[in-house]
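Got chain F; can you put chain L on it based on the hints?
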Amino acid sequence: MMVIKNWTAYLTKETSILPLVVFRITFGFLMCFSMFRFMYNGWIEDCYIKPKFHFTYQYFDWVTPFDTLTMYSIVSVCAISALSIGLGVLYRASTIVFFFTFTYLELIEKSWYLNHYYFVSLVAFLLILVPANRRYAIDSKLFPRLKLNTVPNWTTVIFKLQLCTVYVFGGLAKLKADWLLNAQPLKIWLKARTDIPLIGWLFEYDFMPFIFSWSGMLYDLIIPFLLWTKQTRPMAYVLVIIFHVLTYVLFNIGMFPWLMIFGSLIFITHQEWNKILKIFNIKQSNAIQTYSYKTKRLIIPFIFIFFSIQTILPFRHYILTDNVLWTENGFRFAWHVMVMEKNGFTEFTIVDTSSGKQWKEYPKKRLTAIQEKQMSFQPDMIWQYAQFLEKAYKGKGLKNIAIYVNSKVSLNGRMSQTFINPETNLLQLKSADEIYNHILPLVQ
Amino acid sequence: MNYSTKKTLSIISITLTLLVTTLMSCDKNGIPESQYEIEFYRQNQLTNIYNNEVSKLVSEFIEFASTLNEVVVEFNQQTTLDNLLVAQQKWEDALLVWKQIELYNIGPIDTSFIYYKINFWPTNTNFINTFINGTDIINNAYIESRGGSSKGLSAIEYLLFKPNNEETLNSFTIDANHQRRLEYLVALSQNLKLTAQNLETLWIDYQTEFTSAVENGLDGSQNLVINQMVALLEEIKIYKLGKPLGEDNGGVIDIDELEAYRSKTSLKIIKQNLIALKRCYTGDFAQTPFRVGFKTFMIQYGYEDLNQNILNRFEACFSKIDAISNPLVDQLNENPEVVSELNNEVTQLLVFIKVDMANVLGSTITFNDNDGD
Numbered sequence: 001m002m003v004i005k006n007w008t009a010y011l012t013k014e015t016s017i018l019p020l021v022v023f024r025i026t027f028g029f030l031m032c033f034s035m036f037r038f039m040y041n042g043w044i045e046d047c048y049i050k051p052k053f054h055f056t057y058q059y060f061d062w063v064t065p066f067d068t069l070t071m072y073s074i075v076s077v078c079a080i081s082a083l084s085i086g087l088g089v090l091y092r093a094s095t096i097v098f099f100f101t102f103t104y105l106e107l108i109e110k111s112w113y114l115n116h117y118y119f120v121s122l123v124a125f126l127l128i129l130v131p132a133n134r135r136y137a138i139d140s141k142l143f144p145r146l147k148l149n150t151v152p153n154w155t156t157v158i159f160k161l162q163l164c165t166v167y168v169f170g171g172l173a174k175l176k177a178d179w180l181l182n183a184q185p186l187k188i189w190l191k192a193r194t195d196i197p198l199i200g201w202l203f204e205y206d207f208m209p210f211i212f213s214w215s216g217m218l219y220d221l222i223i224p225f226l227l228w229t230k231q232t233r234p235m236a237y238v239l240v241i242i243f244h245v246l247t248y249v250l251f252n253i254g255m256f257p258w259l260m261i262f263g264s265l266i267f268i269t270h271q272e273w274n275k276i277l278k279i280f281n282i283k284q285s286n287a288i289q290t291y292s293y294k295t296k297r298l299i300i301p302f303i304f305i306f307f308s309i310q311t312i313l314p315f316r317h318y319i320l321t322d323n324v325l326w327t328e329n330g331f332r333f334a335w336h337v338m339v340m341e342k343n344g345f346t347e348f349t350i351v352d353t354s355s356g357k358q359w360k361e362y363p364k365k366r367l368t369a370i371q372e373k374q375m376s377f378q379p380d381m382i383w384q385y386a387q388f389l390e391k392a393y394k395g396k397g398l399k400n401i402a403i404y405v406n407s408k409v410s411l412n413g414r415m416s417q418t419f420i421n422p423e424t425n426l427l428q429l430k431s432a433d434e435i436y437n438h439i440l441p442l443v444q
Numbered sequence: 001m002n003y004s005t006k007k008t009l010s011i012i013s014i015t016l017t018l019l020v021t022t023l024m025s026c027d028k029n030g031i032p033e034s035q036y037e038i039e040f041y042r043q044n045q046l047t048n049i050y051n052n053e054v055s056k057l058v059s060e061f062i063e064f065a066s067t068l069n070e071v072v073v074e075f076n077q078q079t080t081l082d083n084l085l086v087a088q089q090k091w092e093d094a095l096l097v098w099k100q101i102e103l104y105n106i107g108p109i110d111t112s113f114i115y116y117k118i119n120f121w122p123t124n125t126n127f128i129n130t131f132i133n134g135t136d137i138i139n140n141a142y143i144e145s146r147g148g149s150s151k152g153l154s155a156i157e158y159l160l161f162k163p164n165n166e167e168t169l170n171s172f173t174i175d176a177n178h179q180r181r182l183e184y185l186v187a188l189s190q191n192l193k194l195t196a197q198n199l200e201t202l203w204i205d206y207q208t209e210f211t212s213a214v215e216n217g218l219d220g221s222q223n224l225v226i227n228q229m230v231a232l233l234e235e236i237k238i239y240k241l242g243k244p245l246g247e248d249n250g251g252v253i254d255i256d257e258l259e260a261y262r263s264k265t266s267l268k269i270i271k272q273n274l275i276a277l278k279r280c281y282t283g284d285f286a287q288t289p290f291r292v293g294f295k296t297f298m299i300q301y302g303y304e305d306l307n308q309n310i311l312n313r314f315e316a317c318f319s320k321i322d323a324i325s326n327p328l329v330d331q332l333n334e335n336p337e338v339v340s341e342l343n344n345e346v347t348q349l350l351v352f353i354k355v356d357m358a359n360v361l362g363s364t365i366t367f368n369d370n371d372g373d
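Sequence lines, in order, name chains F and L. So the first sequence is numbered by the UniProt record's numbering: it starts at 1 and just counts up by one. So the second sequence is numbered by the UniProt record's numbering: it starts at 1 and just counts up by one.
Heads up, some of the hints might be wrong.
[What the hints assert, rightly or not] Listed next, the stretches of chain F that the computed footprint assigns to chain L, with coverage defined by at least 3 CB atoms under 8 Å from CB atoms of chain L: (1) 189-195; (2) 343-349; (3) 361-371.
[Claimed, not checked] Distance ranges between label pairs, derived from CB positions: (4) L:THR135 <-> F:VAL77: 54 to 60 Å; (5) F:GLU45 <-> L:ASN129: 33 to 39 Å; (6) F:LEU175 <-> L:ILE255: 56 to 62 Å; (7) F:LYS391 <-> L:ALA141: 47 to 53 Å.
[What the hints assert, rightly or not] In the DSS-like style, the derived pairs of lysine-lysine whose C-alpha atoms are separated by at most 30 Å in a straight line are: (8) L:LYS243 <-> F:LYS391; (9) L:LYS278 <-> F:LYS365; (10) F:LYS360 <-> L:LYS243; (11) F:LYS52 <-> L:LYS243; (12) L:LYS271 <-> L:LYS243; (13) F:LYS365 <-> L:LYS264; (14) L:LYS320 <-> F:LYS365; (15) F:LYS394 <-> L:LYS243; (16) F:LYS365 <-> L:LYS271; (17) F:LYS230 <-> F:LYS283; (18) F:LYS360 <-> L:LYS271; (19) F:LYS360 <-> L:LYS268; (20) F:LYS364 <-> L:LYS268; (21) L:LYS320 <-> F:LYS357; (22) F:LYS357 <-> L:LYS264; (23) F:LYS364 <-> L:LYS264; (24) F:LYS396 <-> F:LYS52; (25) F:LYS399 <-> L:LYS243; (26) F:LYS360 <-> L:LYS264; (27) F:LYS360 <-> L:LYS320; (28) F:LYS365 <-> L:LYS268; (29) L:LYS243 <-> F:LYS396; (30) L:LYS243 <-> F:LYS50; (31) F:LYS364 <-> L:LYS320; (32) F:LYS430 <-> F:LYS391; (33) F:LYS365 <-> L:LYS243; (34) F:LYS394 <-> F:LYS365; (35) L:LYS278 <-> F:LYS364; (36) F:LYS360 <-> L:LYS278.
Keep in mind the hints are simulated off the structure, nothing from the lab. Glycine residues also receive a C-beta, built at the ideal position from the N, C-alpha and C atoms.
Isolated chain F (complex conformation) (with noise of 0.2 Å):
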């Protein structure tokens, strides 16, 4: 009970809303941006338009696109609805628009599955529930009433937990072999990098991957306690800047760094923060305060089953598997970031079993580039293309069909091996749950 009593003072005590406001800002506008460049890198017709076939998540099957005129629109709402969040006008419907037109994207189509958008979405949510436009916000000036100086501590602290879960699980998913023994995949990465100026002729020495691989873990593992610190933030910060512009310079990684290290000055504090605007002689003041945020009775329970959730996951993979690298069951929405390089190939044959006749079945005649490079390795997207491929053949009058995959992966350098057993009939799978029983096990 004691131990209820601490967190709940803890997490309910007032603190500046500056932080939060900052957070609040950045994140807004960096989605904007977001959200335009991937409306002006036409990532709207290559995920949601040009697909024949989406790979949809399970239990959501029913999250379909519309017509191109309309996902522009609803990529454009989601857009205009996180620059109100950066602006702070009509902030509580603007978070729940992005959320979900947000969350509806992604949900769409599972080979665009990246950590960061999952990221995007769970800070998206935790928005919805804190005061974040109550300074320095258009919601603030128009109504100033709504005016907090302070807030409850737990209104920051969500997003410092969840930037942590980011770290801290994707440090331990680090902890494996490949990495920290053969230094894979940056073995492979950083060789492939020799041509960036000034510091690519780093990545010709053999120990360098290793000292990436070793550091960037150490990294996960202990940033999360250096910000949190508040004798070596400034410290931590820097290694933010510099850990996640090497990331962007030599990693396609898009906008995670961005998120990452616009995210960590929620770990800023107020008086941190008055030093760092003194340099520039800006003051800031406290507006008038004419009431107090109060928190809702539920939200402190709430907190902590949304935390408990987001721990359990990650760990779900090590009773679902013995690799997650290989099987990658349990590997989405579980922060294993940058941790594998990865091919595959794979040819379906659909067999007519009245009949005995064969045909064979490309990808690439049915999916698009990036559907086809996921799909080869992973075990329940195969799973999924043979159900879309069973309904095309049924249409065709077929009745009685098996269908097979011919399936070669590549993990992290080693030679291909064959993945998904060749000799399972994959229609006899139930549930895209069971196909990860036949997957062969890696041999090197």
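Just chain L now, with coordinates in the frame of chain F:
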């Protein structure tokens, strides 16, 4: 400025200074030695591809296309069996060179769609017959305005190779609209010659960009070449062998799906594709002492076994091709198993290039990768 702020700024300054100093300290004459070496290897590979392969093959192709045009003009003036045989031979010469260039459909060459103008298959025989039986004036401008399916090497093949030479000769001498058929053939060969020259111009304009794009990203030339190697192997597997084997229709052999079955050059085509692929992999384009290819990088990165596996798979493909004595079109009917065996070997080679080689080189086997992890 208080102590804490000073400390923060000091840490930032020291870190950045150390980083820059470390990076610059190894600089030699502006370019670090090992960076220069890597760029040198990549650039040498790309220069090797352009100077000793692409440029040479394109010149040859222009020469053969011009010769083909000359003999077709001669055939137009004297429509004899001898001239027909010469035209057929010159067409095959041009085709076999083209099948080696087919691999390099990248960058602005790809986006210009010039490959469709030179060799789009299967050719649309209905379109061609409609044009011949029509009343439009047939010349190069007319051909230029037509789509890829009614011009280029495949269209010429359709006109030059009937089931037998007597039938072919008759189509140009006594059949209805034979004169317009001849005119169409002449215009096709002239258009092919001019298009080959345009291809050379495109490559000359692209040469500098191609040989200097040494980066590993999506636009890096090495990455473009790997993607094209995969694309060509997939084309052989899926379209040049798989479809004729009936992989699309429940196992019914489909001769019409075979590339260049009229001229019985289908197998030679596949062999030329594979020769070009192997040369591209090894870098052995010319008898120069320093030959950089993908093989060089595989060995440098410590994957000698994989390199040997890839070379073995190439040899296995050539053995299977050599074991097929008759034209592919006949073997498909008489002995499809040997064609299936060849297809299986090509599949294994494809896996090594698409999965293993791409994995160890850290290449991106897709043109529209999004944001990493």
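Just tell me: holds or violated, for the beta carbon distance of GLU45 (chain F) and ASN129 (chain L) against 33 to 39 Å? holds, 37 Å
Worksheet item: Regarding the pair LYS243 (chain L) and LYS50 (chain F), is the alpha-carbon distance no greater than 30 Å?
Response: holds, 24 Å
message = Next pair to validate is LYS243 (chain L) with LYS396 (chain F); report whether the Cα-Cα distance is within 30 Å.
response = holds, 18 Å
Review point. Keeping to a limit of 30 Å between CA atoms, is the pair of LYS360 (chain F) and LYS271 (chain L) held or broken?
Key: The given pair, whose Cα atoms are some 23 Å apart, holds under the 30 Å limit.
Item to complete: Decide if the proposed pair is consistent with the structure: LYS394 (chain F) and LYS365 (chain F), CA atoms, cutoff 30 Å inclusive.
Response: Measuring from Cα to Cα gives roughly 18 Å; hence the hint holds.
Q) Straight-line Cα separation of LYS364 (chain F) and LYS264 (chain L) no greater than 30 Å? A) holds, 28 Å
Checklist entry - Checking C-beta pairs, does the region 361-371 of chain F have three or more residues closer than 8 Å to chain L? => result holds (count 6)
Run the distance test for LYS360 (chain F) versus LYS264 (chain L): straight-line Cα separation, threshold 30 Å. holds, 25 Å
Exercise for the section: Take the C-alpha atoms of LYS394 (chain F) and LYS243 (chain L), compute the straight-line distance between them, and say whether it is at most 30 Å. Expected result: At roughly 21 Å apart (the allowed maximum being 30 Å), LYS243 (chain L) and LYS394 (chain F) satisfy the hint.
What's the verdict on LYS243 (chain L) and LYS391 (chain F), does the C-alpha distance respect the 30 Å limit or exceed it?
Since the Cα atoms of LYS243 (chain L) and LYS391 (chain F) sit roughly 22 Å apart, the hinted pair holds (cutoff 30 Å).
Run the distance test for LYS360 (chain F) versus LYS243 (chain L): straight-line Cα separation, threshold 30 Å. Roughly 9 Å between the alpha carbons, so the hint for LYS360 (chain F) and LYS243 (chain L) holds.
Exercise for the section: Given the hint that LYS52 (chain F) pairs with LYS243 (chain L), test it: the Cα-Cα distance must not exceed 30 Å. Expected result: holds, 22 Å
The structure agrees with every numbered hint stated previously.
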